[in-house]
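*Asks:* Guided by the hints, dock chain B onto chain A, whose structure is given.
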Amino acid sequence: MRLAEEGADIIAVDICRDYGTVSYSLATEADLDDTVKAVEALDRRIVAATADVRDAAALKSVVDDGVAELGRLDIVCANAGICTVQTWDEVTPAIWQDTLDTNLTGVWNTMVVSAPHLIAAGGGSIICTSSTAGIKGLPYLAPYVAAKHGVVGIARTMANELASHNIRVNTVHPTGVSTPMADGLGGLEALIGRDPNLGPIYMNTLPIESLDAREISNAVLFLASDESRYVTGLEFTVDAGNTIR
Amino acid sequence: MAGRLEGKVAFITGAARGQGRSHAVRLAQEGADIIAVDICRQIDTVPYPLATPQDLDQTVKEVEALDRRIVARQADVRDEAGLRAAFDAGVAELGPVDIVLANAGIAPMSLREPHEAWQDVIDVTNALPVDMVESVDVSNAILWLVSDDARYVTGITVPVDAGYTNKK
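Sequences listed follow chains A and B, in order. First residue of the first sequence: 1, per our numbering; consecutive thereafter. First residue of the second sequence: 1, per our numbering; consecutive thereafter.
Just chain A, same shape as in the assembly (with noise of 0.2 Å):
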């Protein structure tokens, strides 16, 4: 919604199931279609679909199509992802290759995916959403930590090789975020209260404990404005000093 008030045209997908390990709810097609109105409302163009990050096929043929109903891309924010909660050793297989899956693989798939269409386009920006927990060791997130500093990895990466292209990539660091994700954070202040001692990593420097998705999308909307064209390789924090402490 925010790039689409200033004016972009939008192809969003989300795969609008629940996953098995995940014990919060996903999102709907409802909700896919409430995007759909919302953007609508702005009088800018939107293709939704849905799909699942972990399918590049899938992916692909999603952009493909959006790009050819809506004539080119030069903005890619690689953003779907999921967290799950637990200590270390109830971590199951299952739980690690969903969110590793989920959360870096799908941020590569999304790159791959997209990154001929902004060639076409003679440069673009790539925004992937990592974390605080892509910088910190967030104790009880270990997929998710793990999935979320590869993301930093792989965008320095792609910073560079695309950089030639005139594509910018960056990652954008929110602390916790207001959204449906929260409800699936329920089990770290018991944990955390087993072992005080860890609390403090989550806290913020700024009187705030959790920010609206927009206060995120603010920090988006700038890295994939023309403001930010020569901003690239950037881990851009918006964790109301989170990381600093």
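Worth flagging that the hints you see were computed from the coordinates, not collected in a lab. Misleading hints may appear alongside valid ones.
To be verified - Lysine-lysine pairs mimicking DSS-like chemistry, simulated, CA-CA at most 30 Å apart:
id	chain 1	residue 1	chain 2	residue 2
1	A	K136	B	K167
2	A	K136	B	K168
3	A	K60	B	K167
4	A	K60	A	K37
To be verified - Sample of chain A residues with no beta-carbon within 10 Å of chain B, all distances over it, derived:
id	residue
5	E5
6	G7
7	D34
8	K37
9	D43
10	A48
11	A49
12	S61
13	W88
14	W96
15	Q97
16	D98
17	W108
18	I119
19	I192
Ideal Cβ placement from N, Cα and C applies to all residues, glycine included.
*Replies:* Then chain B, alone, in the frame of chain A:
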């Protein structure tokens, strides 16, 4: 459309020319009033000419041309009393300061290498295919950081370096 910094006051050091002037003008375009400070005289150890009072006058003209107010003073950032007097003069006229750009600086190294040698260094080191960024690109990053869009962004380092640090 209302500017992104409507009603704000920005205190900018090193504002007579270069990036400081660019920031003053860019922030003024978005509605900010400016308190501009520059030393406007030479420092002996610096091999290139520093800004002049005429440069600072030019910043004043460019900000006023945008219908924003500006209080400009000659002051040395190494002199706390002088800097405070300039700051206070600005606040007396424009009201409390919302934004501070600690921008003044010198680079007392030799920039006198042959242009081609400099060009070779730049060509090799930037990732994006540009030799140098423009002052306005730095100003745009600053504009974002000082705007309400960034109200929960703090403690961050934002290279505007065409991928230079990432490539190292």
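*Asks:* Grab the minimum beta-carbon distance between A:W108 and chain B and tell me whether it stays above 10 Å.
*Replies:* A:W108 is indeed farther than 10 Å from all Cβ atoms of chain B, at 18 Å.
*Asks:* Would you say A:D43 is clear of chain B, with no C-beta pair closer than or equal to 10 Å?
*Replies:* holds, 17 Å
*Asks:* Taking the minimum C-beta separation from A:E5 to chain B, is that value above 10 Å?
*Replies:* Consistent with the label, A:E5 stays out of reach of chain B, its closest Cβ about 12 Å off (over 10 Å).
*Asks:* Taking the shortest Cβ-to-Cβ distance between A:A49 and chain B, state whether it exceeds 10 Å.
*Replies:* holds, 30 Å
*Asks:* Is A:K136 within 30 Å of B:K168, Cα to Cα?
*Replies:* holds, 22 Å
*Asks:* Confirm or reject: A:S61 is not an interface residue toward chain B, with every Cβ-Cβ distance exceeding 10 Å.
*Replies:* The claim stands: A:S61 keeps its Cβ more than 10 Å from every Cβ of chain B (closest is about 30 Å).
*Asks:* Hinted pair, alpha-carbon criterion (30 Å max): A:K60, B:K167. Please report holds or violated.
*Replies:* holds, 29 Å
*Asks:* For A:I119, is the shortest CB-to-CB distance to chain B above 10 Å, so the non-interface label stands?
*Replies:* holds, 13 Å
*Asks:* Verify that the Cβ of A:W96 lies farther than 10 Å from every Cβ atom of chain B, and report whether the claim holds or is violated.
*Replies:* Given that every Cβ of chain B is farther than 10 Å from that of A:W96, nearest at about 29 Å, it holds.
*Asks:* Is the nearest CB of chain B more than 10 Å from the CB of A:D98?
*Replies:* holds, 30 Å
*Asks:* Take a quick look at A:W88 and tell me if its Cβ sits farther than 10 Å from every Cβ on chain B, holds or violated.
*Replies:* holds, 29 Å
*Asks:* Confirm or reject the statement that A:D34 sits farther than 10 Å, beta carbon to beta carbon, from all of chain B.
*Replies:* A:D34 is indeed farther than 10 Å from all Cβ atoms of chain B, at 24 Å.
Violated hints for the displayed structure: none, as all numbered hints are satisfied.
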